[in-house]
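J.: So the protein lines, in turn, are chains A and B.
Sequential numbering of the first sequence, starting at 1, is according to the working numbering.
Sequential numbering of the second sequence, starting at 316, is according to the working numbering.
Because the hints were derived from the structure by calculation, they are not lab data.
Note that CB positions come from ideal geometry on N, CA and C, so glycine has one too.
Incorrect hints may appear among the rest.
If you anchor each label on the Cβ, the simulated ranges turn out as follows [as the list claims (entries may be wrong)]: (1) 377(B) - 304(A): 52 to 58 Å; (2) 291(A) - 668(B): 48 to 54 Å; (3) 470(B) - 257(A): 14 to 20 Å.
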Amino acid sequence: MWQSAQTIFLSIILEALPFVVLGVMISSLIQALVSQERMMKLLPKSGALSVVGATFIGMVLPVCDCGTIPVARSLIRKGMPVSAAMAFTLSAPVINPLTMIATFVAFGFNATMMWARVAATFGIAVTIGWVLLAAENKRKAAGAPALAGASAGPMGLELPMLETAATVEETAPTPRRTPREVFNYVINHAVIEFFEVGIFVVISAAVAALLQTFMPASVTQAIGDHPILSVLVMMALAVILSLCSEADAFVARSLASLTTGGGVLSFLVIGQMIDIRNILLLPRVYDKWVIVRTFSLAIVLTFAVGVGVNLMGWL
Amino acid sequence: MKTRKWEAGKVVQGIILFGFALYLIKLLVTGEVYNLLSPLAANLLGVTAGVLVLMSGYCLIPAKSEHEHDCRHDHGHGHDHHHDHDHDHASCGHHHDHNLDCGHDHDHNPRPKLSWVILAVPLVIGVTMPTQSLGASMINSGLQVAPITVELENTVTTADPETAAETTPAATTENKPTETAAAQPASTPAPAQAGQKKDAAPLASATASKNKTDMSKVPRAKTELPGQQPVVPTPGEELRLNDMVSSIAFVPESYYDKRFKIVGFVVKPEGWPDNRFLLMRYMIAHCSADSTAVALLVESDAAKDLQNDQWVEVYGTVGLQKLPHLDSIPAAAWFQGYPYKPFLTGHEVKPIDAPKHPYLYSQFSL
Numbered sequence: 001m002w003q004s005a006q007t008i009f010l011s012i013i014l015e016a017l018p019f020v021v022l023g024v025m026i027s028s029l030i031q032a033l034v035s036q037e038r039m040m041k042l043l044p045k046s047g048a049l050s051v052v053g054a055t056f057i058g059m060v061l062p063v064c065d066c067g068t069i070p071v072a073r074s075l076i077r078k079g080m081p082v083s084a085a086m087a088f089t090l091s092a093p094v095i096n097p098l099t100m101i102a103t104f105v106a107f108g109f110n111a112t113m114m115w116a117r118v119a120a121t122f123g124i125a126v127t128i129g130w131v132l133l134a135a136e137n138k139r140k141a142a143g144a145p146a147l148a149g150a151s152a153g154p155m156g157l158e159l160p161m162l163e164t165a166a167t168v169e170e171t172a173p174t175p176r177r178t179p180r181e182v183f184n185y186v187i188n189h190a191v192i193e194f195f196e197v198g199i200f201v202v203i204s205a206a207v208a209a210l211l212q213t214f215m216p217a218s219v220t221q222a223i224g225d226h227p228i229l230s231v232l233v234m235m236a237l238a239v240i241l242s243l244c245s246e247a248d249a250f251v252a253r254s255l256a257s258l259t260t261g262g263g264v265l266s267f268l269v270i271g272q273m274i275d276i277r278n279i280l281l282l283p284r285v286y287d288k289w290v291i292v293r294t295f296s297l298a299i300v301l302t303f304a305v306g307v308g309v310n311l312m313g314w315l
Numbered sequence: 316m317k318t319r320k321w322e323a324g325k326v327v328q329g330i331i332l333f334g335f336a337l338y339l340i341k342l343l344v345t346g347e348v349y350n351l352l353s354p355l356a357a358n359l360l361g362v363t364a365g366v367l368v369l370m371s372g373y374c375l376i377p378a379k380s381e382h383e384h385d386c387r388h389d390h391g392h393g394h395d396h397h398h399d400h401d402h403d404h405a406s407c408g409h410h411h412d413h414n415l416d417c418g419h420d421h422d423h424n425p426r427p428k429l430s431w432v433i434l435a436v437p438l439v440i441g442v443t444m445p446t447q448s449l450g451a452s453m454i455n456s457g458l459q460v461a462p463i464t465v466e467l468e469n470t471v472t473t474a475d476p477e478t479a480a481e482t483t484p485a486a487t488t489e490n491k492p493t494e495t496a497a498a499q500p501a502s503t504p505a506p507a508q509a510g511q512k513k514d515a516a517p518l519a520s521a522t523a524s525k526n527k528t529d530m531s532k533v534p535r536a537k538t539e540l541p542g543q544q545p546v547v548p549t550p551g552e553e554l555r556l557n558d559m560v561s562s563i564a565f566v567p568e569s570y571y572d573k574r575f576k577i578v579g580f581v582v583k584p585e586g587w588p589d590n591r592f593l594l595m596r597y598m599i600a601h602c603s604a605d606s607t608a609v610a611l612l613v614e615s616d617a618a619k620d621l622q623n624d625q626w627v628e629v630y631g632t633v634g635l636q637k638l639p640h641l642d643s644i645p646a647a648a649w650f651q652g653y654p655y656k657p658f659l660t661g662h663e664v665k666p667i668d669a670p671k672h673p674y675l676y677s678q679f680s681l
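Model the full assembly from the supplied sequences, consistent with the hints where possible.
T.: What follows is the structure in structure tokens.
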């Protein structure tokens, strides 16, 4: 059994590794090459539209949930409002070509589950983004300077981010840097982020591997067909298993025979929004009030979607 | 004044990164990587190893500072940027192209962090202990589920009287030969077999049913296999268990009563008779964390000499048997709820070394 736990532990780390490296590289490139002014130009003027737009960034930056977090942090530091950055964090692992293809294939070349997953993720990410936006605006109106994001200006940038990257704030790079300097800067930044993110990838892989190896069959047998309980159990399972977005559809498909359609959908939706990795990593990017709102809304909305699907008899 | 400085923190980071790169290269070179990942994921690791080498090189090549002043202690602005905010340090706005690591140690202390030990854990485990592919011990894992779920057009269940009769075919036919002969074409959905043997004696047909699969009982899918053609294997050649499990219900004629070579490892559940074992294989999409096990029952006298996890090549014939108890072992629960299951009569069981690719891959592996 320990042999198997070791195998699963290492394979979760190794499957995530390329995406972690890709994530920290993209994040460092954004940090080095995209100026704050350019970011402001790229973002729609309206905060509500920024949130919607941010959910589709994953289509061009295919990163899984361990890669999105450094990228989100870079985006925030370049002036993206927290509301839009959170919409990106929540949706990018699902609304990206790799995950969509994987889901399509896993569910027997049937696009229904893929579109259901994309739609539910999009809806929930946008809703949460808008709730955060409202809170942002309210705080801004109240004159609280503590809010990060474009509106708060460079001064505000440092507040929501904890740890290393936050305290050293680089502003827009100057155009006269040599490629070599940019290169060195990117690698340096990537090393720091790699060590920050990697630790949590390892911890969550250990938990997931132990669970997968030692979880008794009675747990999965208990998932059952209850329209409400099955959704709850599948959500809990997704959070604990912390699967990569490239792999989770295949696991969901194999569990489909044990549970309801709504259970499978909520497994696919919540797993990329909340899992052990995200619970450990998100507080390093976002403020506590942002995390609390995001997690509770994500849980409630996913649950509602799952139960709704079951009661309506869809999927 | 030029100084070269080694820094404990950077060196430790560099060593860990280099260790990862070496470990990845070792996995790829030895092929051990296939005990963990699909080929595509393994290829991604190759690229990753290159990037890690780059990153470790960056950390391990000592920083060269053109200034006596070490900007690491200045809120880390060792880059050639303009710094607009207040804790900006003017003296750092020069070219430090060898000293770009001085940006981020806000604790002003580039000493190694204890938490890095966590990152080294998988490295140490991976390097010191051989990693095997998943084996027999995972068969009872809570996440194992039936390898295939298809809607069958067959409606035979355990309670079905026809099924009950089938368990004692000789007795039934002998006692009421005329009735059975009359009843059979009517009750059998696919009368082809029955038609062929119309003239044969009842006893002869009973014997025939022992050797030849009753195609009317064969689990047959109601719908077509979505998105792909079912795999039609060539008799006498190697048959992969994932192809078999995905396709047998769609083109049963191409499987039953045909002879194949199937590779897998041995699982002997407790309390099983000496002439039976499960031939098992894991199917993965991306990595071993998303594995699904598939296990086919093999009947062979060779079973008594086999141990769990022994890899074997089995040459055998696919048949159909009533094996409802297999539903309690998820990996072997082909067509869960339907009592008749495919099995293999093993003519020859040859122990082999573990194959290079211990897992079977989905048609579309990520």
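J.: Hint by hint, note whether the structure agrees.
T.: Going down the list of hints, with the structure as the test:
no., hint, in the structure
1, 377(B) - 304(A): 52 to 58 Å, "57 Å, holds"
2, 291(A) - 668(B): 48 to 54 Å, "51 Å, holds"
3, 470(B) - 257(A): 14 to 20 Å, "19 Å, holds"
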